[in-house]
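Colleague: Residue numbers (my numbering), protein chains in the order written: chain A, 1 to 362; chain B, 363 to 724; chain C, 725 to 1086.
Wrong hints could be hidden among the right ones.
[As the list claims (entries may be wrong)] Simulated coverage check for chain C against chain A, where a stretch passes if three residues somewhere in it have a Cβ under 8 Å from a Cβ of chain A: (1) 943-952; (2) 1024-1030; (3) 1068-1075.
[Said to hold, decoys possible] Here are some chain B residues the structure puts well away from chain A; computed CB gaps all over 12 Å: (4) 503; (5) 527; (6) 605.
Hints were generated in silico from the structure; no laboratory data involved. Note that the Cβ used here is the ideal one computed from N, Cα and C, for glycine as well.
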Amino acid sequence: MKKILSFLRKNPLYILLAALPFAILGAIVGWSATTIFVFSAIAIIPLAGLIGASTEILAHHTTPKIGALLNATLGNAAELIITIVAIREGLLELVKASITGSILGNLLLVLGMAMLLGGLRHGIQQFDRKQASSNSIMLVLSVIILLIPSLLSHYIGDIETPEPKVEALSLGVAAVMIVLYVLGLIYSYKVIGGPVVADERGESAPAQGWSLKIAIGVLVFATIGVVIMSELLVGAVEPVIQMLGISEFFIGVIFIPIIGNVAEHFVAVQMAIKNKMALSVEIAIASSLQIALFVAPLLVFISLFMGNPLTLIFNPLELIALIAGVIIAALVSEDGESNWLEGAELMAIYLILGLAFFLMPT
Amino acid sequence: MKKILSFLRKNPLYILLAALPFAILGAIVGWSATTIFVFSAIAIIPLAGLIGASTEILAHHTTPKIGALLNATLGNAAELIITIVAIREGLLELVKASITGSILGNLLLVLGMAMLLGGLRHGIQQFDRKQASSNSIMLVLSVIILLIPSLLSHYIGDIETPEPKVEALSLGVAAVMIVLYVLGLIYSYKVIGGPVVADERGESAPAQGWSLKIAIGVLVFATIGVVIMSELLVGAVEPVIQMLGISEFFIGVIFIPIIGNVAEHFVAVQMAIKNKMALSVEIAIASSLQIALFVAPLLVFISLFMGNPLTLIFNPLELIALIAGVIIAALVSEDGESNWLEGAELMAIYLILGLAFFLMPT
Amino acid sequence: MKKILSFLRKNPLYILLAALPFAILGAIVGWSATTIFVFSAIAIIPLAGLIGASTEILAHHTTPKIGALLNATLGNAAELIITIVAIREGLLELVKASITGSILGNLLLVLGMAMLLGGLRHGIQQFDRKQASSNSIMLVLSVIILLIPSLLSHYIGDIETPEPKVEALSLGVAAVMIVLYVLGLIYSYKVIGGPVVADERGESAPAQGWSLKIAIGVLVFATIGVVIMSELLVGAVEPVIQMLGISEFFIGVIFIPIIGNVAEHFVAVQMAIKNKMALSVEIAIASSLQIALFVAPLLVFISLFMGNPLTLIFNPLELIALIAGVIIAALVSEDGESNWLEGAELMAIYLILGLAFFLMPT
């Protein structure tokens, strides 16, 4: 008990776990959809953080290769679970919006807040120009690949009721993306000697001192927790939309990515404040890359088996926002240094996009 | 008299002031719209130059902070006056075209001519890579923010007869832009210690040796002059369009930005010829930034009070031209050096865009 | 005979010349269109290589200036011949697709394969950052100019049955492009002292040891060969389309650029494997520049005299592919180094674009 209290004092984020029992209680007793929606959303934040923390402990206890594989596949586990539940419910627009929002959130909100707060404390912050430049090239390449089906499907066939040809393009692109993601993992081992991120990041992880046993236990508990909370959250989406008058698109593009990534965002911003800007940029860009090259195509294949085939066809708003976000992140990180004004501009773009998304008709 | 003559010999541009009385005479006597249009346009060129020159003297006589504020707000004063008059007359398309044209003119025509003439005389010209790179990032960010309402409003509501939601997005974006502009000014003081441009630029200003009194007198005279000439110019736009068969769009995008900025363009090109390419690039990019982040949102708010609300929704031609212009300027200035071939290519793009705009149906 | 055999052993590509007599025989005897199509396509590959090789020998035997002019005009001779024949036959869409495909092939397929194979053998490969950056700026500028008529004509007039205004824009842009191409040649002499490429490339050319006489003979033979094969190939396009069910667009954008450039592609990849990455990048980008700034506008003027006026209006698929290809090539080459993962990503984008083009309805 004392241990848990001292853990909570160090990691105040985990107090939010208190929302978990209320979400379950609400579902049993039959509270309003909005209440259940809020409680389950709040509960997902610390659960996603626990998955991340326990994955890192596991990664430490295995060989570096398996560890990296764990990080590479479980890095966005919470988001993956939420979107799989949403696919089962047939909320495909919500899924695509949350893929978009996850990439935008990392590139604009997280990077922006890190550069703003880091820059206010440390002035101009430097990070490895070469690494950053190489990462941002990969990012642009990945997003261009992700967008090709959206840009070209229109000329191939009807995208509203997808023809076989349109689905074939999405599947082909998804297959190529997963191959590239695997090649990227191999590359980072052969040439760079593995991602440095995991080690350094470990320092500030809340999981310090956990044994392997505890880590596995926490991972299982947190994963089950996210699954249950996702069920409650996704089940409440449609009544909430009707009650509050916000669009499904807005929930997908702003709300879900934030709750699924708060814990990770927190780490990236902390790193910037500690003047470890390179790590901060790396976390934000690596996470975007993972969503674009791994989570998105994986969802295409999973959705196929679930009978609700998801195509990689984003709506024009998503396209514009992704293109804008990627160009900016590439430009900002490419010069190898940041300041608070750049941070403010990134956040301003996120704010304006958020406003536009909020004004969208439901 | 002798002083004025010697001033004119050094600054031949100001001979164009002779057009001022003819414009007024023409308006009184009732000459043709085309004649008044031409005389008032010619008169604006030196008047805009006088506003710039006297602002710099004023800036020298105040504290650096107030001086920078003067430069930051009066830097595009002539253009601001012309567009405010045009808003009052309800010529909103003309206003948006001239915002576009001002940014394009700075990035393609001025930068192109500076690189061409500077490069022909000095070969490859260098300028501070870091500063240029940071400026071009800001430029891309600003133009992306400026374009978001155009790109997204279409999906929010009817943009022809703007709905409240579409106007709300424009106002929100305008507010964010002005905040960013102010943050940018603060940043340039806190971190860089103020814009170096003003001082160095002073060297070649025509205002050398003016007292504070003269400077204020010139500023008042020139401002009143620009207001009167703008009235005559804008009043003649519609008859001129019908007579000559050129489109309002062409007048706004090519003609008005040129007459409002000739004096400033002149300085930028002179700097390049004197091999001060850094200053030349800085002038062109800073002026574009000011139009995008300060003049455009200011006009949105002013237009609101004048009862002719201006939205930040540009037509597709303007969007394409702005995106192309900004990408090119960012690329060209980002590598920190220029040559005459790059200058020729920038001017070629301006020429081709001008041709396309000219061929637009009226 | 022995000489020819030893030449073939060193340059196995030229064994494909054996397809030449079969193509002619087939045309005389009346074989199926598909058979003639395949034989003439195969024969063009080595013939295009012979034109390139003999041009380089000629270039060595003249003054450097005339030599450079020869390389600059005959560098894409095979492609020029095929497209002229296609214009005469009125296959204008095929021509525009093959211009697009040629640029994409150089920037994605060739550069990608060079970076992949070079990177697998040598790890991270460096090339001159400055030169590469300057080249990629030129490339972006050129492609933006090339695309302006497509992007803007829509707003000027009907692009299906081109009005005089739409054609005027294409002609104006074509004229500006050729001026820029000539300026670029002058620049490379005045400032850089001529392209270094030709010399170094010569090393591995198959033409080593040819006399001037042989070179002229080979050039004449190969040019006549390409003309005849192009006639057969283009004549067979329409029956082949109907028989195989692939679109004219796919043949133009993937197939024709490959057969016209295999020999050159081969050299670029060989250079990368020999760790001369700078040369490899230079060949790919210079060839793209030549297509965009010289071949495309030349075809506009030639088509005018042939009575089948070609406008520079590309379809949206071509636009998207070109923009994506150029942004990526600029980004990848701008940082002055490459690795096999970047190569794989470039080839992946080519593959996905190819898949999308293949799925296009005929």
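Colleague: Indicate, hint by hint, whether the structure satisfies it.
Modeller: Hints, one by one, checked against the model:
1. 943-952: violated (count 0)
2. 1024-1030: violated (count 0)
3. 1068-1075: holds (count 6)
4. 503: Check fails; 4 Å does not lie beyond 12 Å.
5. 527: Violated: least Cβ distance 5 Å, not greater than 12 Å.
6. 605: At roughly 40 Å from the nearest Cβ of chain A, residue 605 of chain B sits farther out than 12 Å, so the non-interface label holds.
In the structure shown, a violation is registered for the earlier hints numbered 1, 2, 4, 5, in ascending order.
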